[in-house]
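Novice: As a plain string of letters, each chain reads:
Number of protein chains: 2
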Amino acid sequence: MSIEYAILGLLSWRELSGYDLKKIFEESVALYWTGNNNEIYRALVDLRERGLVSVEVQPQEKLPARKVYAATAEGRAELAAWTASAPQLPQRRHALLIQLAWADALPAGQLDNLLAEYEDEVQTQAIISRAQLQPAAAGARARFLDPAGARTPREAVLWRAILENWAAFYGSELAWVRALRVELSTARSS
Amino acid sequence: MSIEYAILGLLSWRELSGYDLKKIFEESVALYWTGNNNEIYRALVDLRERGLVSVEVQPQEKLPARKVYAATAEGRAELAAWTASAPQLPQRRHALLIQLAWADALPAGQLDNLLAEYEDEVQTQAIISRAQLQPAAAGARARFLDPAGARTPREAVLWRAILENWAAFYGSELAWVRALRVELSTARSS
DNA sequence: CAGATCATGTAACTGGTTACATGATTCA
DNA sequence: TGAATCATGTAACCAGTTACATGATCTG
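Protein chains in written order, with our numbering: chain A, 16 to 205; chain B, 16 to 205.
Some hints here could point you the wrong way.
[Said to hold, decoys possible] Below, a sample of chain A positions facing chain B; criterion: calculated Cβ distance under 8 Å: (1) Glu93; (2) Leu94; (3) Ala99; (4) Ala101; (5) Arg107; (6) Arg108; (7) His109; (8) Leu111; (9) Leu121; (10) Tyr133; (11) Gln140; (12) Arg169; (13) Trp174.
[Stated by the list, open to error] Here chain A is said to cover these stretches of chain B; the calculated rule only asks that three of the stretch's residues, wherever they fall, bring their Cβ under 8 Å from a Cβ of chain A: (14) 109 to 122; (15) 191 to 199.
Calculated from the structure, these hints are not laboratory results. Just so it is clear, CB atoms sit at the ideal spot from N, CA and C, and this is done for glycine as well.
Using the sequences and the hints given, assemble the complete structure.
Specialist: Here it is as structure tokens:
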């Protein structure tokens, strides 16, 4: 899947500028693209050309004009068709596992340092993804996937499930690396 | 990380032709590239140019010559340096989660069909990845990450951990989708 | 005054995918 | 005889990343 459907989905939820989208991508765990300008602005042009989104240019006095995009009826239809399409398996690229395959050449201390560093990083992500399960501060504009911004109870269930999936992913990874460190340290001393 | 280190690692383990590599990539769960020719043959040329692998051309009577590659001393040094490098977080692309974010427009039955199909696919992967934890048939050439092919006990521990990571990944995913289906069906009927 | 924020975009590159191309051999 | 396997490669394309480019405004 390309970033286009993610953008189309967001624009079906509320109207947003390229800059808004960029921030949403940067903040969200679930939207795993970097949110770089190139891709977002090109995707918006493309969606526009295909008639899936509309633009409204809002001139501002002192800042560059905001181009605010929203999904059109055709865009919503296209999105609905896509959501019904056959699910793909998630793809996971896990460079550390390839590193570990050949890491037997490393001294035990260095290997454990590597794993400890990894554990730290994963723990950070686990905390962040668990935090997203908590509702945002009252008064704040609901962020993407915050059940408070959902339009129906079922949508809230789905959004919570998405966040739980990410939390489970990092939780499982954290448990794995901790178990591996224990196993390596006990094997060494036995 | 590019596919190059994965190839260099395999060639540090045993000597292989491009065709052998292709098959290993296709068979292995852990080596998540498609194993397409383009990338493998280009990577081999590149590694060769950088002096990290050597080639031996083995002419065959009736088939095209095999070009058998192996890691050189420099290649092994480069690989060792890479294994010691800072670990990266795994990256996961999960299109279904983006689909679900906007799936509230689907009728309940269609949504459950989608999730059921996903559950099936994940279950297949879960079974495959658990199966790789079993030793290969006696007499068969040890496959990549089969502890039987490991060169030291610690390497066997690492290889098992890698396979367990994949099994845990699919196991966690399977539990998640099952729980979600239950939640959606009970919410509907209450 | 420096750094973050608002707001738009472009250029160059990397990594990876799909499909094309060739041709003999082996097996059901 | 048709499909799978052995064995090499090339061409065209797509998605995504990093870095470049501009410039005003707001905040500490």
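Novice: Under 8 Å, Cβ to Cβ, is where leucine 111 of chain A needs to be relative to chain B, so tell me if that hint holds or is violated.
Specialist: OK, holds: leucine 111 of chain A within 8 Å of chain B, min 5 Å.
Novice: Tell me if arginine 108 of chain A is really an interface residue toward chain B, meaning its C-beta lies closer than 8 Å to one of theirs.
Specialist: For arginine 108 of chain A, the interface hint holds, since the closest Cβ of chain B sits about 5 Å away, which is under 8 Å.
Novice: Alanine 101 of chain A was flagged as interface toward chain B. Is the shortest Cβ-Cβ separation under 8 Å?
Specialist: holds (7 Å)
Novice: Apply the coverage criterion to the segment 109 to 122 of chain B and chain A: a residue qualifies when its Cβ sits closer than 8 Å to a Cβ of the chain, and three qualifying residues are needed.
Specialist: Our answer is that it holds, as 13 residues pass the Cβ test (under 8 Å) against chain A, meeting three.
Novice: Quick check on the hint: leucine 94 of chain A CB to chain B CB, less than 8 Å?
Specialist: With a minimum Cβ separation of about 6 Å from chain B (threshold 8 Å), the hint on leucine 94 of chain A holds.
Novice: A closest beta-carbon separation below 8 Å is what the hint needs, so does leucine 121 of chain A meet it against chain B?
Specialist: OK, holds: leucine 121 of chain A within 8 Å of chain B, min 6 Å.
Novice: Restraint: glutamine 140 of chain A near chain B, CB-CB cut 8 Å. Satisfied or not?
Specialist: Where the cut-off is 8 Å and the nearest Cβ of chain B is about 6 Å from glutamine 140 of chain A, the hint holds.
Novice: Min Cβ distance, arginine 169 of chain A to chain B: is it shorter than 8 Å?
Specialist: Cβ of arginine 169 of chain A sits 5 Å from chain B, so the hint holds.
Novice: Is the listed coverage of the segment 191 to 199 of chain B by chain A valid when you require three or more residues with a beta carbon under 8 Å from a beta carbon of that chain?
Specialist: Holds, because 4 residues of the segment 191 to 199 of chain B bring their Cβ atoms closer than 8 Å to Cβ atoms of chain A.
Novice: Let me know if the C-beta of glutamate 93 of chain A comes in closer than 8 Å to any C-beta of chain B, holds or violated.
Specialist: violated (11 Å)
Novice: Restraint: arginine 107 of chain A near chain B, CB-CB cut 8 Å. Satisfied or not?
Specialist: holds (5 Å)
Novice: Holds or violated: is the Cβ of tyrosine 133 of chain A closer than 8 Å to a Cβ in chain B?
Specialist: Nearest chain B Cβ about 4 Å off; hint holds.
Against the hints set out earlier in the document, a violation occurs for number 1 only.
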